[in-house]
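As a plain string of letters, each chain reads:
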Amino acid sequence: MSDFVTAHRDSFAVVTLPARVDAANTKLLVEAVTTSKATKVVLDMKGTDIVDSTALGAIVKVHTSLQGAGGKLVLCGVGDGIRRVLTMTRLDRVFTITADVDAAVAS
Amino acid sequence: MTNARTPAPPDAAAKETILVVDDAVANRKMLKAVLEQAGFEVVLANDGSQALTELAKKPPTLVLLDYMMPTMDGPTMLRIMRKKQAVKDVPVILLTASDLPKHIEDAFNAGADDYITKPVDTRILVARVRSLIRARADRTKAQSAHTAAAQLDALQSELEDARKTQRSQLPKMPQERPGWRLSGVVIPSGEVGGDLYDIIEGPYGYPVAALIDVSGHGVSAGMVASSVKSSLRLLLRDHPIDDAMTQLNSHLCDEDSGHYVCAALIVLGRAEVAIVNAGLPPIAILRGSEIIATVRACGVPPGLLTDQRYSVERLPIEAGDRIIVVSDGLTEPFGLADSIEETLERLTLLRADPGETLGALDERLHERVRAVFLETDTVQPDDATLLYMERRDT
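Here the protein sequences line up with chains A and B, keeping their order.
Each number in the numbering used here comes from the position in the first sequence (counting from 1) with 22 added on.
Each number in the numbering used here comes from the position in the second sequence (counting from 1) with 10 added on.
Just so you know, these hints were derived from the structure itself, not from any lab.
Keep in mind that the hints are not guaranteed to be accurate.
[To be verified] In silico DMTMM-like links for lysine to aspartate or glutamate, alpha-carbon gap of 25 Å or less:
#1 B:93 to B:83
#2 A:94 to B:264
#3 A:94 to B:317
#4 A:49 to B:265
[As the list claims (entries may be wrong)] Far from chain A by the CB rule (all over 10 Å, computed), these chain B residues:
#5 82
#6 151
#7 303
#8 314
#9 366
#10 376
These numbers were taken from a predicted model, which means no experiment stands behind them.
Backbone N, C-alpha and C fix where the C-beta goes; we use that ideal spot for every residue, glycine too.
So here's chain A without its partners, still in its complex pose:
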């Protein structure tokens, strides 16, 4: 069973990420987004502690792909550790980041 749980809120697919997203489960993340068939996607990271470099690359690809399809990717519930990685790599300026799912859906 996938660790990535998908729900739908308004026109968004909300994918809740597990505690650790890395090379071992990155494919499941991409699958969860793809099978949702949504072009507006929220990645809920409130329970996520670690996103490794492979997963980060995949999230950027998802972002690029959704943007290309006229949609958007929003990250929410981003913890301090992951936020520091996003800042360090300047990806905090690439992604839309909100506090929670409500704010993401309203964005």
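Go by the hints and put chain B onto chain A.
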């Protein structure tokens, strides 16, 4: 002619199959009944020729073969069988009408694993059948284990070769350049890693230090790191470091290898350094034991997003100043993604030691990078790399 496959019971797939070859109907019937009673599936053939046809259809677990048969006798059929790859190792028990030494010798010379004299004692027959099947299974298991061990050895050997090749691509460290002394440490998390450093002759006569950290790890990341190193060497022949990083981003996005690169390029000038940081933790410039400047990433790691541009940060430099660059393998495991000061404190590299020889410094760096994981009982999840540059009096 009797050539009947015994109807398969529901769990036939799990049963061992015995091919019984005998020209006498009564013997075939008796052997079939005994072996089925013992839990085996039985296939029957009435001579050597028919037995070969059955063997070609599906290799049995064991063959019970009569010695004397009119069309093709047991030893003849057995010699042919032993030459067929698919069934050459199937155990065979020859049934002989007598215990004449000549017959027994013939049986073994033809390739029999055992023999039983007629009239057959059914308890001994079943015991020998089971014993031979068990021995055969043990042999197969041992062979499989041996093959797996040999494959593992070959894989380890290839990885060791890859590790040596990757190590050989690193410039010899420590080393001295006019006005600079340099050292570097790379500790991959596996045999082969995605981190590299390099010292490249830049376009303006000054050396350019590069640290490359490819996303992911293992062999594929290592291959991308080698490719990035070659690209940078080519680009830095006639491009300034910011252009080189921009071009590298374009190449990587075009290649779409599935990897991206956090990288830094540092021009080691006489009075200033020029730095481009693309996705690595902040680069520290230390004077004495104090961090006097940090250079944070000016753009996203190359290979992630097209049309990125990178900018240069120039900083004046004095004799004794030190520049330290680390990959995130030395920051993230400790929750220090963007904190170079805490990282250097943890590595005990804030302290300056002007009298330290280059050899002693190099040794200390290696020791400290290894120790940081051991001291905190932290499993090294990623390649850990550190590049050290110290400005000397000229």
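Here's how the hints hold up against the structure:
1. B:93 to B:83: holds, 16 Å
2. A:94 to B:264: Between residue 94 of chain A and residue 264 of chain B the Cα gap is close to 23 Å, so the pair holds against 25 Å.
3. A:94 to B:317: Within the cut-off at roughly 19 Å; holds.
4. A:49 to B:265: holds, 20 Å
5. 82: holds, 58 Å
6. 151: Non-interface label on residue 151 of chain B holds, nearest chain A Cβ at 31 Å vs cutoff 10 Å.
7. 303: Since the minimum Cβ distance to chain A is about 17 Å, residue 303 of chain B lies beyond 10 Å and the statement holds.
8. 314: Given a closest Cβ separation of 5 Å, the condition is violated.
9. 366: holds, 30 Å
10. 376: holds, 24 Å
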